[in-house]
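K.L.:
Letter by letter, the chains look like this.
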Amino acid sequence: MTDDIQLLIGTRKGAWTLRSDAARKTWSVEGPLFLGQIINHFVVDPRDGRTMLMAASTGHLGPTILRSTDGGKTWAEARQPPAFSKDDPHGRTVHHTFWLEPGHADEPGVWWAGVSPQALFRSADQGDTWEGVAGLNEHPKVLDWFPPMDGGTPDGPMVAGIVIDPRGARHMYLATPTAGVLETTDQGATWAPLNENVRCDYLPDPYPEYGQDAHQIALAPTNPDRLWQQNHCGIYRLDRPARRWDRIGDNMPREVGDIGFSIVPHPRCAETAWVFPMDGTEVWPRVSPGGKPAVYRTRDGGASWERQDKGFPREQGWFTVKRQAMCGDGRDPFGLYLGTTGGEVWMSGDEGESFRQIAAHLPEIYSVVAAPLP
Amino acid sequence: MSVSVLIPSQLTAYTDGATRLAAAGATVGEVLDDLDARFPGLRFRVVDEQDRVRRHMRIFVGRRETRTTGVSVADGDEVLIFGALSGG
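Residue numbers (the numbering used here), protein chains in the order written: chain A, 1151 to 1524; chain B, 10 to 97.
Everything labelled a hint here was simulated from the structure, so no lab data went into it.
Quick caveat: nothing in here was measured; it's all calculated off a predicted structure.
Glycine included, C-beta positions come from ideal geometry on N, C-alpha and C.
Keep in mind that the hints are not guaranteed to be accurate.
What the hints assert, rightly or not - Derived CB-CB ranges, DEER-like:
1) S18/B / E1346/A: 46 to 54 Å
2) R1481/A / R76/B: 28 to 36 Å
3) L1293/A / R76/B: 24 to 32 Å
Bound-form chain B, shown alone:
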């Protein structure tokens, strides 16, 4: 599967400034693995070691939010990663 991934500003230090990337995988986890292979360290800053999306990160497949990485993605899907933090 090939998907389009929206990269938030918090992660552009990993992606050489890119905010939109193509990635491969059948699940959100595999998409993140693909990104991590190209941009080492990115995955762990979005998902913890128990495969849970970090508290102040949000991942959507299209308009459906997921807090886990096992959710399937389809060819052509859009995966959106956001940083969402309140306070100072």
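In isolation and in its complexed conformation, chain A is listed as follows:
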């Protein structure tokens, strides 16, 4: 590894890479890779720094996984991408892979894939072949948790996030749009909802056992018992072993609200996290409230939030940032990145104090991942 840094950008029309040195002052844009392919997620394996996977599909063609084992120099297609069995009792077919998650540090070569329709797949060979996780995909309640439906964002309901407890590979969480957060403590053999006190504004019972729409979840790296959630209906925090979430988004300014897709924890401070609020009023435009983009940072576990908007447009900035399109780079000072559906990439090299645009004119951005250059 070098001190240089790369941003892996997945878009609706292919993948791009932004590169910089340790100073993160100037960035070069390289690409496109796989022009025209829908790239929902573009991820590098932090365990080896060289294995890269893309979740790919096109408007015409079925879904696949594209792989590189040499840091992106060469690419090949997975021999056996995620697919349901031919005798699947529900007749399901994978529409696309949405989320790719490298496995636990103790399990080199293991990757997880969250797909649409909602299901989980596992690879034990660096993403070359994939098997369905029966404990979830064939769970007796699977059609209650994941009712068949069309639509959603983007292009259907999907497993929207996979989080692995760094203290043990058997403990995992999923973020889903129709069952909220699901937890396993036996690496996927059994699952249970984890949604207490998480609101559903769109159901008759506003606090059901499941039915919540978890947009993104993240563990605090320095305290894996702390779980952050940006939900369709607000921002939440949970400190395990408790099971009841606190709506820390209630402490956001009322005129901004607590609707959004992403949440990014600080790599070294468990009290600090960032969100990118979007307009959830009336018909849910899901753009920066008032056309004034800003991130909000908490440094006290969500008890209070501060606006960070220096460098962003002061007006007429109607940003939408999807759930995979905001991330950090783990460096000190922490770098924060976001990609918009308008094809712009913005960064802060000072923990959100100021932002600048580092790329524009890309297609609609679905995902942004920061990683060291191998």
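Chain A is already provided as a structure; the job is to place chain B on it using the hints.
P.N.:
Only chain B this time, still in chain A's reference frame:
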């Protein structure tokens, strides 16, 4: 059976640029299997795991369209695969 298969632009990355290929099989599915053996991954991008032709792909045997893979083909038939997508 030997048939002639028209390959759409969306799949030429698999076929080294070839747009017309000879293939063997008694059904559309077997023809696709034959192609997949030579060009791994091609079949799954045209037909899903339940053997249904993907929504924005179209397969014709001569001038007859099929949405499934069990349709028979005869020696000398032409199998045409098209990508058909609207919107941006």
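K.L.:
Which hint numbers doesn't this structure obey?
P.N.:
Going through the list in order, the structure violates hint 2 alone and respects the others.
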